[in-house]
Each structure stands twice: as C-alpha cells, then as structure tokens.
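Residue numbers (my numbering), protein chains in the order written: chain U, 1 to 405; chain V, 1 to 323.
Treat the hints with care, as some may be off.
[Stated by the list, open to error] Listed next, with one range per pair, are the computed distances between beta-carbon atoms:
| hint | chain 1 | residue 1 | chain 2 | residue 2 | range |
| --- | --- | --- | --- | --- | --- |
| 1 | V | Arg165 | U | Ser166 | 37 to 45 Å |
| 2 | V | Asn312 | U | Ser166 | 35 to 43 Å |
| 3 | V | Thr202 | U | Val372 | 53 to 61 Å |
| 4 | U | Ser166 | V | Pro143 | 41 to 49 Å |
| 5 | U | Lys380 | V | Pro143 | 49 to 57 Å |
| 6 | U | Lys110 | V | Val42 | 53 to 61 Å |
| 7 | U | Lys380 | V | Lys320 | 34 to 42 Å |
| 8 | U | Phe383 | V | Thr105 | 53 to 61 Å |
| 9 | V | Gly70 | U | Asp379 | 51 to 59 Å |
[As the list claims (entries may be wrong)] To be clear about the criterion: a stretch of chain V counts as covered by chain U if any three or more of its residues have a C-beta under 8 Å from a C-beta of chain U, and this derived list gives those stretches:
| hint | segment |
| --- | --- |
| 10 | 160-173 |
| 11 | 238-248 |
[Stated by the list, open to error] Calculated Cβ distances over 12 Å to all of chain V for the following chain U residues:
| hint | residue |
| --- | --- |
| 12 | Asp80 |
| 13 | His125 |
| 14 | Glu159 |
| 15 | Ala172 |
| 16 | Ile176 |
| 17 | Arg193 |
| 18 | Asp250 |
| 19 | Lys256 |
| 20 | Leu314 |
| 21 | Gly315 |
| 22 | Trp336 |
| 23 | Ala338 |
| 24 | Arg346 |
| 25 | Lys359 |
Just so you know, the hints here were simulated from the structure itself, not pulled from any lab data.
Here a beta-carbon is modelled for each residue, glycine too, at the ideal position from N, C-alpha and C.
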Amino acid sequence: MTQSNELAQQTSNRNRTSSTSRRIFLQSLAGAGAAISLGSKVAWANGEIGYWAKDLTNEQLINMYTTIQRIRWFERTGVDKMLTEPGYRGYNHFYVGQEAVATGVSAALKNTGGIMEADLVYSTHRPSGHAIAKGVDVKKMAAEYEFRATGLNKGYAGEMHIADKSLGFMGADGMIGPGPVIATGSAFAIRARGSRQVVVNYGGDGTYATPHFHSALNNAALLKLPFIYVLENNLYHQYAHYSYSVPMKDIATAAKTYGIPGVVVDGQDVFQVYNAAKEAVERARAGEGPTLIEAKTYRYYNHWGAPGAKAGELGAFGYDPLAITSFRPEREVRAWMARDPVDISRNALISWKVLDRAKADAIEAAAKKEMVEAFAWADKQPFAKPEDGLKNVFVEGSVPARQFG
Amino acid sequence: MARKSFMYSVLEAVQYEMRQDKNMIWIFELTPPVASTPGKPVINLETEFGRKRVVNTGIDENWMAGCVLGAGLAGSKAVTYIPYQGNAMCFQMLQNHAGKLRSMTGGDAAMPVVFILEMTGQTPGFAGQHSDYEIDTYYAHIPGLKTVIPSTPTDAKGMMVSAIRDPNPVVFLWADALRPMIEDVPDEQYTTPLDKAAIRATGSDITIVGSGGGMPEVLKATEQLQKAGMKVETIDLRSLKPMDTETLVKSVQKTKRLLTVDQSYYTLCPGAEVIARVAENVDGARYKRIAFPDAPPPAAPEMFLWMRPNANHIVGAATKLVG
Chain U
1 MTQSNELAQQ
11 TSNRNRTSST
21 SRRIFLQSLA
31 GAGAAISLGS
41 KVAWANGEIG
51 YWAKDLTNEQ
61 LINMYTTIQR
71 IRWFERTGVD
81 KMLTEPGYRG
91 YNHFYVGQEA
101 VATGVSAALK
111 NTGGIMEADL
121 VYSTHRPSGH
131 AIAKGVDVKK
141 MAAEYEFRAT
151 GLNKGYAGEM
161 HIADKSLGFM
171 GADGMIGPGP
181 VIATGSAFAI
191 RARGSRQVVV
201 NYGGDGTYAT
211 PHFHSALNNA
221 ALLKLPFIYV
231 LENNLYHQYA
241 HYSYSVPMKD
251 IATAAKTYGI
261 PGVVVDGQDV
271 FQVYNAAKEA
281 VERARAGEGP
291 TLIEAKTYRY
301 YNHWGAPGAK
311 AGELGAFGYD
321 PLAITSFRPE
331 REVRAWMARD
341 PVDISRNALI
351 SWKVLDRAKA
361 DAIEAAAKKE
371 MVEAFAWADK
381 QPFAKPEDGL
391 KNVFVEGSVP
401 ARQFG
Chain V
1 MARKSFMYSV
11 LEAVQYEMRQ
21 DKNMIWIFEL
31 TPPVASTPGK
41 PVINLETEFG
51 RKRVVNTGID
61 ENWMAGCVLG
71 AGLAGSKAVT
81 YIPYQGNAMC
91 FQMLQNHAGK
101 LRSMTGGDAA
111 MPVVFILEMT
121 GQTPGFAGQH
131 SDYEIDTYYA
141 HIPGLKTVIP
151 STPTDAKGMM
161 VSAIRDPNPV
171 VFLWADALRP
181 MIEDVPDEQY
191 TTPLDKAAIR
201 ATGSDITIVG
211 SGGGMPEVLK
221 ATEQLQKAGM
231 KVETIDLRSL
241 KPMDTETLVK
251 SVQKTKRLLT
261 VDQSYYTLCP
271 GAEVIARVAE
281 NVDGARYKRI
291 AFPDAPPPAA
301 PEMFLWMRPN
311 ANHIVGAATK
321 LVG
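Starting from the given sequences, assemble the full structure and let the hints guide the process.
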C-alpha cells in the first residue's frame, strides 16, 4: 500500500468512527490537505484509531489552545518591539508558526518537580515556544531577552541560552549539534537511577547533517534510553532549504536505521503532535527506548529577527539580505500561514464544542494583554551590574578582572 | 585600486586563484561567498564555479574541515569558510589530523588547504556561545598549522593569496568585527608573508602588541597616547604561528616596555606567548598584558562591554607602564 492510500484509508476510517462535529472538522482539514499519517501501525492493528487527543479533558484542550496563543503573542509582542523601538536590544529567533509543536509535546510531559522528577526538555536557539510550553515565567523571559539583571538568567543568557531547571527546562542551546548528545546523557542518568522521567530534545532540520544526530540516536537506541528527538522541520536551516543538507524528504525515515519508531507528524496540528508525543513518552517511560518525531512545520519570520515584517502584521515577507543561497518565496510563506496552528486548534475546539468563539477570542485577548504587560514589566527592570560579569564562572567566587592591565 | 571590504578583498584573491587552478574548491555553510563593492563586479564563487567545486553544506563543520583536508591530501587546493557559530566544532580535524599528518607520514602527506575560521569577539548581546574569541590561542597551539590573523582588508587579501599558495595547512582567523572595514585595496594579485608582524607605529617609549579584531582599539589608543606625547611603537602580530619573534624583540630592546592586548581570555592568550618570547631575549624590560577575563562572555552589554579590552584600558595601562 502506498503511503497516500494508507493515509486515505486511515482518514476514512476515522470519519466512520468519529462524531458528526469531528467529521465536519476532519473534512475541513482534508480540504486543506492536512491529513498526515501518524504512522502508528501497531495501534492501527489493535483497532486503536489513535486520534484526537481523546484522553484529554476539555480543560486540558483549552490549556493547549491557551498555550499556543501565549506563545504567539509573546513572539508577536517581541516582533513589534523590534520593529518599533530602536532601543529594544533583544535579538530574537521567532518561533511563530511552530507553536503547535512545543505545545503538543509539553502537554504530554510532566512539567514540575525539578531535574529529579520533571521530564527534561533541551531547547534550541529558537526557544520561546519550548520554554513557554514548559511553563517558564514569561515576564522573566522578556526581561532576559532584554538582558536585565532580574531576567530569568540574570542577563547572562539573552534569548539563546535561557534555562529554568526547576521546570525541567534544561536550556536553549545556540549551537547546532551537541544538544541532542547531551540530552541522551540526561536520559542515561535517568535510566541508571531508575526514575520515570523522559528527555525531549528539540532540534531543527539542520541538525540532521551533524554527526551528533547519529551519535544521539545510535546510543539512545543501543541503550534503550528514555529519549525523544522532536525534530522540527521548518524547511530551512538558517538561510538554506533543507534539501541542501538532507538527502530524503522525511527525516523521520532515518529512524529505521536505528530500529526505533520514526513518526512524521503535522506540526501545525497540536492534537496530532500531542498524540505522537504521548505515544513516544509512554514508550520511553515503559523502558522501550527512543522515538524520533519529525514535525513538519514552518516559521513565519526569518532565521533571525524581523526583516521583512511590519509592526502589527503577522509574518515576514520579501528579501532577506542573508538568504542569498536559498531564498524563501512569499508564496511559500503564505501557503503555510494558511494552515496556521492557532486557526487549526481554535477551529477544532469550536467544532468540538469545547470552546465557543467568544471564549476563544477572550483567550487570545488575555494572552495578548499578558504579553504586553510582561514586556512592559521587563522594560522597567534594572540593568546588569558590569562587574557581575566576573561571577558565575565557577560555583564559588568570581574571577579577576584582566581587561585593565 | 578600489575601496573594498574584508570579504570583497578575500573573495577577489580566491576568485583569481580558482580561475587559475580548475581543481580548487571552496566549502561553506551560512556565509555565501558573495561580495560586492561600488564600481566593481559582484563576486559570487558559487555561481561562477558551480556546485561541483563550491558547495553550501549542511551544518556540519566537522565535514567541512575534513573535506578540505581530504581534498588537499588528494592533491587539490581547497578552502573552507567556517562561521563563528561552528568554529571549534571541527577542532579534532585540525588538531589531530591537519596538524600532524605531514609529520606522521614522514613528510609524505601534503595539505595545501586553508581553514577560514570566523570569530565574533566583538558582539555584545550574543552571549556565551556566539561571542567567543579565545580560539586564536587554541589554533596557534597546534604544531603543523600556520595560524594567521589579518586585521585589514589589504592584509587579508595578500595573506589569503599566500595561504592558498602555501603547501601547508593554514588557519586563517577571520575577526568578524572587521567585516565592515573598507579601504583601498589593489586589484592585482599580490602576496603578503605569513610570518611577518606589521609595525603600525614607530616609537621608543613603549611597544604595544595586538592582533585581529583587537587592532582598531589598539590603534585608537596609539593615537591618543601619541597626542599625549608618548612615543608608541605599535605592532600588529598578523601571524600567531609562526610568530615574528625578531620584530617583537627588536622593538622591546628599544622601548624596554611591552604591553600586549588580546580579546581572548587572559590565561595563555597570544600576549602571554609574546611576553615569554621577548622576556627570553630582552633584559630589564617591564611587561603588562590586557585581555578578556577568564570568564565566558555574558549576554548583557553592560557586563560584556565592561569586560572587553578597549582603547581606554590600553591608554590607562600604557600610561602606568611608562609612568
């Protein structure tokens, strides 16, 4: 059976077994070309339709939608500050467009209890969504992005290295490569100490080309580590299309090499992401080893900052001066924006009668207000003390100044 | 002669060599080999020489460095441009392979290759991983590698030509902060030696030694000190290995005072090597070094800019040393 036939059959089966409202929703999704296989053949054979986040309460579903909106408006507030306030110093890598991935994954994780109990998340240079979904304080994040002394990491981190281990948010990593290997080290420790935690590593399509990708999955598979590699394929590593660095369309197929599940998931649909993450988490907790999840997604802004964007408007279009080799066409950006993770989750919850329009609007308005207030709070925070740069090198004390001779 | 940036000057040198040598290759990621300058043709190595010779790779600096090394071993000249984000990722390729193969094979292996390694160093706000500068020392420490660090577009062009034509592997440290620098650079191909420091100012009171991205502040301080009446001799190292000991020693024999300035960390910074070599050869001199403290660069500009050596620090230290 070809993959598309398999897809069609799964979709039609889901249609037969789902409620009327869900059927309407599915049809609308199919119309947008949205159905992507979860590839869960075992569940299929057992008569499990594996669909629609069925174990989640209405409250949890609403929380997911709220998280998506909170990430969206945290980022959009940052974009607008970058565009309208010359004094704003943040240099953010915006996550807008990918919100459903972090939200769906974190909804399947334990996010409390610190490094000995919470599930651990290793993030990337595009960390806002991962952090917010894990529960990181947005005011402190906004302050950190502006390098304030009361920021999440006291002004040492900026955007690219935020971390909050009390929530199992192990930190953003600005490099492409080492992150997943380090994450497997945490997974190894968890297995060795017999705790029920799992480790999630986020990485982009660019990470496939690194030797570390192989090292992480090979060792995780060999040792059956509780490790989940969530590969957010937003099609571009920095300024180059992933066809420059990956010889196949679906990076998830690499999982076959290691004999572990490799799942392609629609990264714009939070419920599909959740389903895949949930299955991977259960597998990892049961000691059955790692999973590679490839979420097909897209960022609405360029690799870095907001060139081509206008304040108050979603998305960045036009020429990116750094994208000389592989330029993103505006039509590609707009085509992906037509399948917006906010709209997909909102329409689903309204269609399922979990939310009505007024409530959905209110959630969005509250998210926007919260983020505007968070950034306003951040703007009032104190700057870092210069001499504090000599601290936090070692656990104890500080190092000598050497710049004065 | 035309006004050219660092990038234009280097790519002009490479373009010429690639036109002469049809086997020569260029490997890059992120930073396209493209440059323009008013009144001159745009240089784009990728479109001119095609993807068989010029490749935009995935993010895999290990492969980039290994690729040019292997190309060199197979008899082709090769250059890779590794951006600051991935700089030390390929360290093993240089330290345990490029630097040792000539010796390990008893002189059999030849590696006519250039590793351009970018360093930021100058950028507040980038935090830890994206603002390091310490790698100058790391690479200069490796036997078997020549390690150069030009600080002007003119030197960058001439040293790139020399590096490509040199039969040994050369690490070409690229101080990214110098990217906006523009000056008149000759159009024709010329070479600049890979083993000679440049004397940027002549004087008899004090010798100030810097390199790469630190040079603009060193020159600014030199000017200020000269205006205050101090006779400053300013040396731009240009090459960390081989280090031009002779020029350094001669200068300090005259001035008897040596101040070194580095953007990399204090411990084992290039200035430490400069001072050691001079101290072995000059009696009765006084020494001081300025460097970034032994701390990772924090993100907050308030901390970072306070920690990074600048012209005021240099003026203060020089005044104390001469005083």
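What are the numbers of the hints the structure violates, in ascending order? Hints 1, 10, 11, 13, 14, 15, 16 not satisfied by this model.
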